[in-house]
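Could you build all of it, start to finish, from the sequences and the hints given here?
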Amino acid sequence: MKLKIFIVLSLISISILTAQEKVSIIPQPTKLELQKGYFVFNSNTKVWIDPNKELEQLGKYFTDLINQQSGLKLNATWKMTREIPKSLIRIEFKKDFKNEEAYSLQIKPNLIKIQAKGGAGIFYALQTLFQLFPLNEKQIKVQCLKIYDEPRFQWRGAHLDVCRHFFPVEFVKKYIDILAMYKMNRFHWHLTEDQGWRIEIKKYPKLTEIGAWRKDENGNLYGGFYTQEQIKDIIDYAKKKYITIIPEIEMPGHSLAALASYPQFSCTGGPFEVLNHWTITKDVYCAGNDSTFIFLQNILSEVMDLFPSDIIHIGGDEVPKDSWKECPKCQARIKTENLKDEHELQSYFIRRIEKFVNSKGKKIIGWDEILEGGLAPNALVMSWRGIAGGIAAAKQKHFVVMSPGTHCYFDHYQALQNEPKAIGGYTTLEKVYSFEPVPSELNEEEAKYILGAQANVWTEYIETTDHVEYMLLPRLIALSEVVWSDKNSRNLDDFLYRIKKHYEILSTKNINFRIPTPLPDENEILISKGTKVTFNKPIDNSNIFYTIDGTEPTINSIKYTEPLIIDDNILIKAKTFLPNGKSNTLSSVHFTIIDSTMNGINYKYYEGVFDSIPDLTKLNPIKEGKIYKLSLSEIKPTKESYAVSISGYLNIENDDEYKFYLTSDDGSKLFIDGKLITNNDGVHKIKEASNSVYLTKGKIPFEIQYFNKWSSGSLKLEIESSQLPRKNVSADMLFIN
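Just so you know, the sequence shown maps onto residues -19 to -1, 1 to 718 in mature numbering (1 follows the signal peptide of the UniProt record, and there is no 0).
Calculated from the structure, these hints are not laboratory results. Virtual Cβ for every residue (Gly too), placed ideally from N, Cα, C. Some hints here could point you the wrong way.
Here are the in silico distance ranges between beta carbons for each label pair [said to hold, decoys possible]: (1) T317 - K656: 52 to 60 angstroms; (2) N504 - Y19: 40 to 48 angstroms; (3) P66 - N117: 50 to 58 angstroms; (4) P560 - H258: 54 to 62 angstroms; (5) K708 - S272: 58 to 66 angstroms; (6) E81 - G205: 17 to 25 angstroms; (7) P544 - G18: 37 to 45 angstroms; (8) E190 - I551: 54 to 62 angstroms; (9) Q211 - Q377: 34 to 42 angstroms; (10) T208 - P66: 45 to 53 angstroms; (11) E634 - T489: 46 to 54 angstroms; (12) T489 - N550: 52 to 60 angstroms.
Here is the structure:
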């Protein structure tokens, strides 16, 4: 077994075209041909458009941005002269395009020509053109090229939860701007929840008088809502960016804010309070009460009158059945409708709502739980609990939007350490970029039912607009290429090269994003003595500062200028600082020198869906081998549902009582010398369990058993004693024998 040695840690050392030969367009265009020369904007540049109101709006949008950067005073006009200007931008509709969102962009030294079938294509062409602009320069010149471009998927979306935490109108517009920059065309607006009702419904004013506000732990009111006038304004704003807003009104669960306002539509009659924490409540809409459906139909009528989208999201996820089991009306409904159980009662609920929505000429979409008990006839499915729900729906010939937690939940951690508190999971930029929305389990005909994919930003632990942007970016940029570009054109190294300019674009536009770290996302890196360590500098004009004494780096710390030679175990902390002095990420890496012939531990990897740690002696491992770190990433799971056994010897340096902290998502157990020491079993998010045991000096046999049911898993073991501060169990403590 070869020891993994990170000799060069700037993992993006790529041999690519020079800057003059390379353009950094994201998402990658369908066809791109670079040509010699540049088009230079000047005071004599003319912008000609066809006489069309939509083109007039797009022309003004274009020239306003040009003028803002350059100081020029260009105007778009349909009044053309016989004489062709020496510097011309021509924007026109052309019926030849088969794809409604396709466009062509041709740049010559004296001409920029943009063509598309409709306004969306023109808008996307402009986004591509803007990405070619130099940054922070008044003179705008762009590389000559020819592009033909069209999206792979029709649904390219991002979601925002404004219920757990509320965000103002101006930020919602900024969020839409960010989506538009990367040719996303669906904004899924999560407007109702247990923790807050955020949309004005005129027929039911208590929904915002009561349901929009919750008390925090100190009794202070928190909340807010959007008036219908504000919503109309946001819809109009999104329309100009060619983004359709999909409103979500949750039912039958996640409805406590509504029930606090109108408790008569619950099974028990209340009273209720708007929830102020992040659990799931058993109180849901009463499915046995006809007045519940009248209430929801009246709400949906106002929602559908507001939103032009032909699709309405009705939630349908995480619906506890406890209240329905105890409710006489719900049990009577099950009996009179000849339903099998409460799962079929949920299906009845969704079907009844769908029938009403369909009668208004619109369709419903719901989270994949709406499959349970039978899918409503015309419903679309949003697959979030992995991809299985999407596969099942597509095989039943229902349209699907893929949004699995493994790749598309942007409330997950972006790194394993030094990140703001998150709900759990681990979803990196690279992982998002690796996502394939069309599962291999679907044949060519079934694959046609995959509409696209969507990012979800749930805000339980995201309180500020800055934090939303930090969690969204740069991961949204990766997803934009997944849903727009041909899957065969995807190349991670090339993408990581192109995204460098986009970090600068975001910074220039005062948009927050997670700044890439100078060192890999590892708590510990194993090396041999004398290894040369090179820091990663993915942003031009940035500076890296680092420390070796355990303190957090500042601009007064050691400035990185050349690779470091490592001859002993060392902790390096490093930060990347943007030209404006901003930094929001920290690398903290223990470089550990080990002997590959002695250090290491064994693992066995099993596949299957488990609710607790299975009896591993009765299973056959899919693979087994030797690793050097106690890390799931070393094992490289190939499925999202799996179990692992990790075993070896732990070197104990002193006789003492040792406390072990076992943290995992999902379940885990720690055995030392064959005895169960720490039990952290079961399906759960990131959770810590601990216990103490007296150990004598020497190498002690240990085993960790772990399973992951779905989404991104995690596993960590820490150790502490009277002579040893709490720390991760490091590679130099682990031995094969």
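For each hint, the structure was consulted:
no., hint, in the structure
1, T317 - K656: 52 to 60 angstroms, "56 angstroms, holds"
2, N504 - Y19: 40 to 48 angstroms, "47 angstroms, holds"
3, P66 - N117: 50 to 58 angstroms, "28 angstroms, violated"
4, P560 - H258: 54 to 62 angstroms, "41 angstroms, violated"
5, K708 - S272: 58 to 66 angstroms, "59 angstroms, holds"
6, E81 - G205: 17 to 25 angstroms, "36 angstroms, violated"
7, P544 - G18: 37 to 45 angstroms, "39 angstroms, holds"
8, E190 - I551: 54 to 62 angstroms, "59 angstroms, holds"
9, Q211 - Q377: 34 to 42 angstroms, "38 angstroms, holds"
10, T208 - P66: 45 to 53 angstroms, "47 angstroms, holds"
11, E634 - T489: 46 to 54 angstroms, "52 angstroms, holds"
12, T489 - N550: 52 to 60 angstroms, "41 angstroms, violated"
The structure is inconsistent with the numbered hints 3, 4, 6 and 12, although it conforms to all the rest.
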